[in-house]
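If you're matching them up, the sequences are chains A and B in order. Per our numbering, residue 1 is the first one in the first sequence, and the count goes up by one each step. Per our numbering, residue 1 is the first one in the second sequence, and the count goes up by one each step.
No wet-lab data here; the hints were simulated from the structure. Honestly, I wouldn't trust all of these hints.
[Stated by the list, open to error] Here are the computed lysine to aspartate or glutamate pairs in the EDC-like style, where the Cα-Cα straight-line distance is at most 16 Å:
id : chain 1 : residue 1 : chain 2 : residue 2
1  : A       : Lys167    : A       : Asp137
2  : A       : Lys132    : A       : Asp52
3  : B       : Lys7      : A       : Glu128
4  : A       : Lys167    : A       : Asp136
5  : A       : Lys132    : A       : Glu179
6  : B       : Lys7      : A       : Glu75
7  : A       : Lys167    : A       : Glu154
8  : B       : Lys7      : A       : Glu123
9  : A       : Lys167    : A       : Glu157
10 : B       : Lys7      : A       : Asp149
11 : A       : Lys167    : A       : Asp149
The structure presented is a predicted model; accordingly, all values stated were derived computationally and were not measured.
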Amino acid sequence: MSARRPGDEPVSTSPDVALVEQARAGSTAAFARLVERHQQAVRAFLRRACGDWALADDLAQETFLAAWSRIGRLEAGASVRAWLCGIGYNKHLTAIRSRTRARTREAAWEEERPSQASAMSDERMTLETALKSLPDDQRACVALCLAADFSHAEAAEALGLPLGTVKSHVTRGRARLLEVLGESR
Amino acid sequence: MTDAHLKALFAQDEPPARDPAFSAAVMEAVARRRFVLDVAWLSGAALIGGLLLWALWPVLHPLLAQTGDQFGPVAACVTLALVAVMLVDGRVTATAR
Numbered sequence: 001m002s003a004r005r006p007g008d009e010p011v012s013t014s015p016d017v018a019l020v021e022q023a024r025a026g027s028t029a030a031f032a033r034l035v036e037r038h039q040q041a042v043r044a045f046l047r048r049a050c051g052d053w054a055l056a057d058d059l060a061q062e063t064f065l066a067a068w069s070r071i072g073r074l075e076a077g078a079s080v081r082a083w084l085c086g087i088g089y090n091k092h093l094t095a096i097r098s099r100t101r102a103r104t105r106e107a108a109w110e111e112e113r114p115s116q117a118s119a120m121s122d123e124r125m126t127l128e129t130a131l132k133s134l135p136d137d138q139r140a141c142v143a144l145c146l147a148a149d150f151s152h153a154e155a156a157e158a159l160g161l162p163l164g165t166v167k168s169h170v171t172r173g174r175a176r177l178l179e180v181l182g183e184s185r
Numbered sequence: 001m002t003d004a005h006l007k008a009l010f011a012q013d014e015p016p017a018r019d020p021a022f023s024a025a026v027m028e029a030v031a032r033r034r035f036v037l038d039v040a041w042l043s044g045a046a047l048i049g050g051l052l053l054w055a056l057w058p059v060l061h062p063l064l065a066q067t068g069d070q071f072g073p074v075a076a077c078v079t080l081a082l083v084a085v086m087l088v089d090g091r092v093t094a095t096a097r
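Based on the provided sequences and hints, a complete structural model is requested.
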């Protein structure tokens with residue numbers, strides 16, 4: 001877990017700066033590199049935020065598609081990872097609001113996905129259940145700050161929440177998860 | 001139970017660092033979106049061009065009738081050249097993307 005992942009490095013020295021510039025100029029190859037670099041972070045966040053892996057991957061795809069359309073609006077020096085997670089979170093909230101959302105997934109794509117339940121240990125299942133019991137905002141804060149090493153400020157930027165709210169969400173969420181996992185032992 | 005243990009549990013649902021199938025699906029969706037936008041732009045431009053031509057036709061028609069014999073071949077050559085330039089430019093742009 002100590003390996004540095006894309007998006008962990010300082011924004012000013014990140015290869016993202018050049019890639020965003022090229023993508024803004026219309027380079028599909030540069031955008032493809034951005035997708036490659038950040039798909040893991042965005043999908044992991046959405047899996048934790050919505051709890052449904054297939055839905056999370058659908059939302060992640062929509063997130064990148066929206067990012068492609070809006071890349072001109074990304075502020076210079078902003079964290080691409082936080083920006084993408086912010087778009088993903090809004091997509092997730094929209095999906096929650098519109099319960100009638102119809103998901104159509106290609107059979108081949110679906111077959112390739114590992115079975116969510118079978119891949120989980122008992123402890124992981126307990127964590128998943130505890131995570132689902134948290135309010136959406138709190139869950140997103142926990143997913144970013146505890147699981148993905150986002151700073152509180154970066155999470156606040158991504159989720160559009162005040163810094164103090166993020167801090168209290170993380171504290172309460174952590175306490176709740178540790179409590180549930182402690183009980184299950 | 002520590003934060004490190006919590007983090008290790010979270011790491012179990014981490015997607016792979018490289019997932020060519022996912023990246024390809026995203027880029028396919030991007031290409032589809034780009035195509036739809038291009039078609040929409042071209043359709044809009046063609047529609048506006050057609051409407052302009054229709055509106056200006058009463059003015060253009062007498063002018064073309066007068067100058068058509070003299071400038072017809074030149075206009076045809078210029079049009080062909082413009083089409084060729086646009087085609088080549090489109091190919092170059094598509095390759096650069």
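Hint check:
1. A:Lys167 <-> A:Asp137: holds, 12 Å
2. A:Lys132 <-> A:Asp52: holds, 10 Å
3. B:Lys7 <-> A:Glu128: holds, 13 Å
4. A:Lys167 <-> A:Asp136: holds, 15 Å
5. A:Lys132 <-> A:Glu179: Measuring from Cα to Cα gives roughly 14 Å; hence the hint holds.
6. B:Lys7 <-> A:Glu75: Judged against 16 Å, a Cα distance of about 31 Å means the pair is violated.
7. A:Lys167 <-> A:Glu154: holds, 11 Å
8. B:Lys7 <-> A:Glu123: With a Cα-Cα distance of about 12 Å, the restraint between B:Lys7 and A:Glu123 holds, given a limit of 16 Å.
9. A:Lys167 <-> A:Glu157: Roughly 13 Å between the alpha carbons, so the hint for A:Lys167 and A:Glu157 holds.
10. B:Lys7 <-> A:Asp149: Judged against 16 Å, a Cα distance of about 9 Å means the pair holds.
11. A:Lys167 <-> A:Asp149: Judged against 16 Å, a Cα distance of about 14 Å means the pair holds.
Violation of the numbered hints given earlier is confined to hint 6; every other hint is satisfied by the structure.
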